[in-house]
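Engineer: Listed here are the chains, written in short residue letters.
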Amino acid sequence: MKGRMPHKASVYLAEGRQARFKKMNLPRCIAALLAVCMCLAAVTACGSLPGGAQEGTAAEPQEARKKDVTLTFGSHQSGLPTSGVVQELAKEYEAQTGVKIDFQIVSDAQWRDLLKVKLDAGEAYDIMNVDADPLSLVSRINPEQNCVELTDQEWVSRMNPIVLDGISVNSKVYGIQFNGIRRSVFFYNKKIFADLALQIPTTYEAFKQVCQAVKDSGLTPIYEATQNGWHQVLPVCETGSYYVTLYDDLYEKLNKNEMNIKEVKEIEIILNEMKEFAELGFFGDNFMNQSVEGAKEAFAKGEVAMFNNDTGWAAETEAEFPETAGNIGIFVAPWSDNQTVSSNPTCNAYFINKNSKYVEEAKGFFAFLAEPDSLAKFLEGAPNLVSLCWKDTPSKEKPEYEAYFNSLPAGVVMQVGVSYIDPQWMDIGKDIDAMYVGIMTPEEIMDNISLRRDELAELAQDPAWVN
Amino acid sequence: MCLLNFNKTYPTYYAIPALLLFVIFFFLPGVLGIFYSFTDWNSLRAEVNFVGLKNYLKIFSGQYDFVKYILNTVRFTGLTMITKTVFGIIFAMLLTHKLVKFQNIQRMVIFIPQVMSFLIVGLVFKSLLNPVTGFFNNFLKSAGLSVLARNWLSDSNLALSTVIAVDTWKGVGYLMIIVIAGIHGISSDYYEAAQIDGASFLQKTWHITLPLLKPVILNVTVLNLTYGLRVFDIIYALTNGGPGHATEVINTAVYSEFSKGNYAMGTTLSGILFVFVMLLSFFILRVLEPEEKS
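Those protein sequences? They're chains A and B, same order as listed.
Taking the working numbering, the leading residue of the first sequence gets -2, the next gets one more, and so forth.
Taking the working numbering, the leading residue of the second sequence gets -2, the next gets one more, and so forth.
Treat the hints with care, since some could be wrong.
[As the list claims (entries may be wrong)] Derived DSS-like pairs (lysine-lysine); straight-line CA-CA distance at most 25 Å:
{"id": "1", "chain 1": "B", "residue 1": "K201", "chain 2": "B", "residue 2": "K98"}
{"id": "2", "chain 1": "B", "residue 1": "K138", "chain 2": "A", "residue 2": "K212"}
{"id": "3", "chain 1": "A", "residue 1": "K262", "chain 2": "A", "residue 2": "K205"}
{"id": "4", "chain 1": "A", "residue 1": "K205", "chain 2": "A", "residue 2": "K97"}
{"id": "5", "chain 1": "B", "residue 1": "K65", "chain 2": "A", "residue 2": "K272"}
{"id": "6", "chain 1": "A", "residue 1": "K115", "chain 2": "A", "residue 2": "K97"}
{"id": "7", "chain 1": "A", "residue 1": "K115", "chain 2": "A", "residue 2": "K169"}
{"id": "8", "chain 1": "A", "residue 1": "K259", "chain 2": "B", "residue 2": "K55"}
{"id": "9", "chain 1": "B", "residue 1": "K51", "chain 2": "B", "residue 2": "K65"}
It is worth saying that the hints were derived from the structure and are not from the lab.
Turn these sequences into a full structure, and let the hints steer you where they fit.
Structural biologist: In structure tokens, the structure reads:
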């Protein structure tokens, strides 16, 4: 059409365009151009791959494409050893295969909620570090729907069978776990106890007297950490081994809904004791702003005398603060006169996202971690681990601690034995915070725990509740 | 030549594309959310059953803390609306006054927090407000004002006020910029006439600036209202709803319900928020309408 236009006419048209362009507002033209650019940028961005990975063209060799793979690894801060051994092993895996692992670490208090929301939104990480236990695994990540089955992997048979329940659904294995059995204890500074001529307490009254003596000496008796959201729940749930000695078939009755958790009076007693400790100043002035990570330094400096955690904490503290070596003793928490050892065979484990583009690479990483050399490095490089849940791996537990544990009756922690406790762990933590600041009573916390159990059971259409 | 003639009234169907986009991307999800609020939709089971008003009754039964969270949201919205508007206007008036030097630099300093990420602001203020190691309390103590030192974020009576203060600090610059634009739109003739009549600064503010800023203030109020009711980030970053549940708001509860897998309850709370925001925005825009017409 244009080609057939007389020369004069095309000149007029061009002049007309120029005149029209001049009349148009320049800023508007710029704005229109910018808008087009933004649209193009948005379309281009939508086409990019997650995790920063670039898709190679078909002409590129397979090896070159592999080099571009980045696996995202989501974890909570206390889910990985602070020594960074997992990250070091990931670097070794990268050196061997070219597959990068991008660790995305989130605070403990926000991890569980964040992971659930990410899974629901279809934006979860390629590898997820999940608190795995047989009663909560399905409600937490629903592995059958969201995770890659790993039953056929060679390394599964080398894991201790005791941990398989926590990472399996319907006899299918979905995760890989490293930590061995953990036991919850109070650590104490032997020197402070010796200087004040204190004995390890075996009753609540004795515990109170010990704390009072420490407080009178000008030190903080117990390092409590509420900022992580989970630590304050330990006394309530990790005294489960004691509850089962007081009630016949307790866990079974609670799981069958034949008994209400409010009937376990010792839980409320312990909550009252915790409240009393806070009011007596045994946790110090700043415990509502403290996090677990600060405990080691405070303990090593001799500012606090006791701290509640699992046994790996002593080895971790000794590694970070060598001056504490040989100065850390243990005793079981004598809340409500407890004298039993609570064990927890479950721990955080790694799972592969079913929707990941790089399932084979993630499986390769798991296989690499499960190699005997990697396991040895894992145990060696993670001071907080005293044992691995793998056959033929040694235990680093101190003979002194082992002897103490063997002298007491043992049982399983409540969150592993009782359904609908672990999924509400962080909510219980918030309730305990509310109790510490005076806006909730121990009785109200018990009501909430019971109410949330009912609610979760109803959501799951648990036959023990619904029928 | 302009593409549109702004003096011409175009046919109503010209609004259809924009309306369609709004309905698909904003209105329908909200309505769908309300539909799901009448079900037991959750992550533990595939089937979705109609449960009527059960979720709504649960919220207002008093057995749970949801009403408290709704009240916290309203309190947060009301107070941030007042503080941000008042300080926004004060800063805007000061920073348009000819006696104040380096106006652009000062405006920039006040505006900078607005462009900072909520998570960064949360982390920084958590550190600054730590009662033992934080800057605020240590500053007060070194200034001989130990009596004013507080547990800013861990005292249940103070935590929400602290969050409101931090949010005001972060958002006031944005409102200040809007108000400055409004002040620049006021003709200097009014002030000159008032000057001749011997009006003081306060009289000029009260009788000229504020009345002529009314449309701007109403717009700012709508912005504050919709932001305040939907607040999440700053609370998540600063207190995560704590201590206890003292600073929980509707959206932290929605987040918590979604994370538990109780999607139906999450959508019920979102639905309440949706209706609430729609009604309030509609009401305020109706109030605004005569101003625009005039």
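Engineer: Please go over all the hints and tell whether each is borne out by the structure.
Structural biologist: Hints, one by one, checked against the model:
Restraint check for B:K201 and B:K98: the C-alpha separation of about 21 Å stays at or below 25 Å, so the hint holds. For the given pair, B:K138 sits about 24 Å from A:K212 by alpha-carbon distance, which is consistent with the 25 Å threshold. The straight-line distance between the Cα atoms of A:K262 and A:K205 is roughly 20 Å, inside the 25 Å bound, and the hint therefore holds. Distance check on the hinted pair: A:K205 and A:K97 sit about 51 Å apart at the alpha-carbon level, beyond 25 Å; violated.
With a C-alpha separation of about 24 Å, the suggested pairing of B:K65 with A:K272 holds against the 25 Å cut-off. For the suggested pair A:K115 and A:K97, the alpha carbons sit about 21 Å apart, so the restraint of at most 25 Å is met. Our distance criterion of 25 Å between C-alpha atoms is met by A:K115 and A:K169, whose separation comes to about 23 Å. For the proposed pair A:K259 and B:K55, the alpha carbon gap of about 21 Å is at most 25 Å, so the pair holds.
Of the supplied pair hints, the one linking B:K51 and B:K65 holds, its CA atoms being roughly 19 Å apart against a limit of 25 Å.
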